[in-house]
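2 protein chains.
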Amino acid sequence: MKYCSECGAPVQLRVPTDDDRPRYICDGCGRIHYENPKMVVGCVPEWEDRILLCRRNIEPQKDLWTLPAGYLENGEGVADGARRETLEESGAIVDHLEPYLLIDIVHIRQIYLMFRGRMQTPEFKVTPESAEVVLMREDQIPWDQLAFRAIEKTLRYYFRDRAEGRFPFRVRPVGKRD
Amino acid sequence: MKYCSECGAPVQLRVPTDDDRPRYICDGCGRIHYENPKMVVGCVPEWEDRILLCRRNIEPQKDLWTLPAGYLENGEGVADGARRETLEESGAIVDHLEPYLLIDIVHIRQIYLMFRGRMQTPEFKVTPESAEVVLMREDQIPWDQLAFRAIEKTLRYYFRDRAEGRFPFRVRPVGKRD
Chain A
36 MKYCSECGAP
46 VQLRVPTDDD
56 RPRYICDGCG
66 RIHYENPKMV
76 VGCVPEWEDR
86 ILLCRRNIEP
96 QKDLWTLPAG
106 YLENGEGVAD
116 GARRETLEES
126 GAIVDHLEPY
136 LLIDIVHIRQ
146 IYLMFRGRMQ
156 TPEFKVTPES
166 AEVVLMREDQ
176 IPWDQLAFRA
186 IEKTLRYYFR
196 DRAEGRFPFR
206 VRPVGKRD
Chain B
36 MKYCSECGAP
46 VQLRVPTDDD
56 RPRYICDGCG
66 RIHYENPKMV
76 VGCVPEWEDR
86 ILLCRRNIEP
96 QKDLWTLPAG
106 YLENGEGVAD
116 GARRETLEES
126 GAIVDHLEPY
136 LLIDIVHIRQ
146 IYLMFRGRMQ
156 TPEFKVTPES
166 AEVVLMREDQ
176 IPWDQLAFRA
186 IEKTLRYYFR
196 DRAEGRFPFR
206 VRPVGKRD
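Order-wise, the sequence lines are chains A and B.
In my numbering, each residue's number is its place in the first sequence (first place is 1) plus 35.
In my numbering, each residue's number is its place in the second sequence (first place is 1) plus 35.
What the hints contain is simulated information worked out from the structure, not anything from laboratory work.
Given the structure is predicted, the values throughout are model-derived calculations rather than measurements.
We treat Cβ as the ideally placed atom computed from N, Cα and C, and that holds for glycine.
Treat each hint with caution, since some may be false.
[Stated by the list, open to error] Cβ-Cβ distance ranges computed for the label pairs, FRET-style:
| no. | chain 1 | residue 1 | chain 2 | residue 2 | range |
| --- | --- | --- | --- | --- | --- |
| 1 | B | Gln-175 | A | Ile-93 | 49 to 59 Å |
| 2 | A | Asp-55 | B | Glu-41 | 21 to 31 Å |
| 3 | B | Tyr-106 | A | Gln-47 | 40 to 50 Å |
| 4 | A | Pro-45 | B | Glu-123 | 29 to 39 Å |
| 5 | B | Glu-41 | A | Val-50 | 17 to 27 Å |
| 6 | B | Thr-52 | A | Glu-173 | 32 to 42 Å |
| 7 | B | Glu-41 | A | Trp-178 | 31 to 41 Å |
Okay, chain A solo, but in the shape it has when bound (with noise of 0.2 Å):
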């Protein structure tokens, strides 16, 4: 940030008056800019046994594999943008989503709270955002094409959890690739 959004002026990093970070504050109106971690919503769409996975058809990570997942955008509820995301990403239609996993990204400002989804039918489609959209079992999981770390750790969890026949709510953080 170099520029108050509000009036233009340049702004500067420095700790505001009664605060304990540094802040960008713009020399011409004073207004402070805070900038916080953003949310990803996602979903593992379920449909029987198999889920629902996406080879990415746009950077980042392009031609590797994912679940449907993206920004919360203002004005929507979190369960409403996972659903919104899925759709968009793989033409398939979820309800009964379940809060399953949130994971902390710290270093890249990021918040994934992934849902588990029922598809209300098999039906799904490749779109803009997704080269290949396919029903998997889980030995068909493409382990070493995944485009997040936040994505393998909610499929290792997945399955796992699957097998045990529960899926606790769980927090979780994910560090920066070794």
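Since the structure of chain A is already known, use the hints to place chain B on it.
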């Protein structure tokens, strides 16, 4: 938003190519400025059969009662943020944080994530943000003097769940006041 935070040129609100909702786009450098909901993290600090409430010493809702909660900062995990807010607002140190309730507040673009946390000791204090800090039993909660609807919702679930001896994780909306 009126100006680009990167180059200082005016922005316009319009729908970018391959998008479906209006964003602020810079006339100069072409950057798209996405705006997303912010996450508030907080805690129900527990000591034996009591919980810790704070009377706000700052606006908004000055003089009304709340649980410790505030914006998640860049660079911190959600549980760390809840722990920090608890310390800043009440002087209490909590551990064993358990995720408890996620609240969508769509109309103000906030997501509350409330934890339950065990106070290490029954120590706490008045802080710059809290004019009073009090350990309360259920029958002492000032239901008609709570600062925010998300806090009221959290406390309603909390005492109901505690009576039943179980604290399932939930996602719930909070709407505008009537």
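Results for each hint:
{"no.": "1", "hint": "B:Gln-175 with A:Ile-93: 49 to 59 Å", "result": "holds (54 Å)"}
{"no.": "2", "hint": "A:Asp-55 with B:Glu-41: 21 to 31 Å", "result": "holds (27 Å)"}
{"no.": "3", "hint": "B:Tyr-106 with A:Gln-47: 40 to 50 Å", "result": "violated (21 Å)"}
{"no.": "4", "hint": "A:Pro-45 with B:Glu-123: 29 to 39 Å", "result": "holds (30 Å)"}
{"no.": "5", "hint": "B:Glu-41 with A:Val-50: 17 to 27 Å", "result": "holds (23 Å)"}
{"no.": "6", "hint": "B:Thr-52 with A:Glu-173: 32 to 42 Å", "result": "holds (39 Å)"}
{"no.": "7", "hint": "B:Glu-41 with A:Trp-178: 31 to 41 Å", "result": "holds (38 Å)"}
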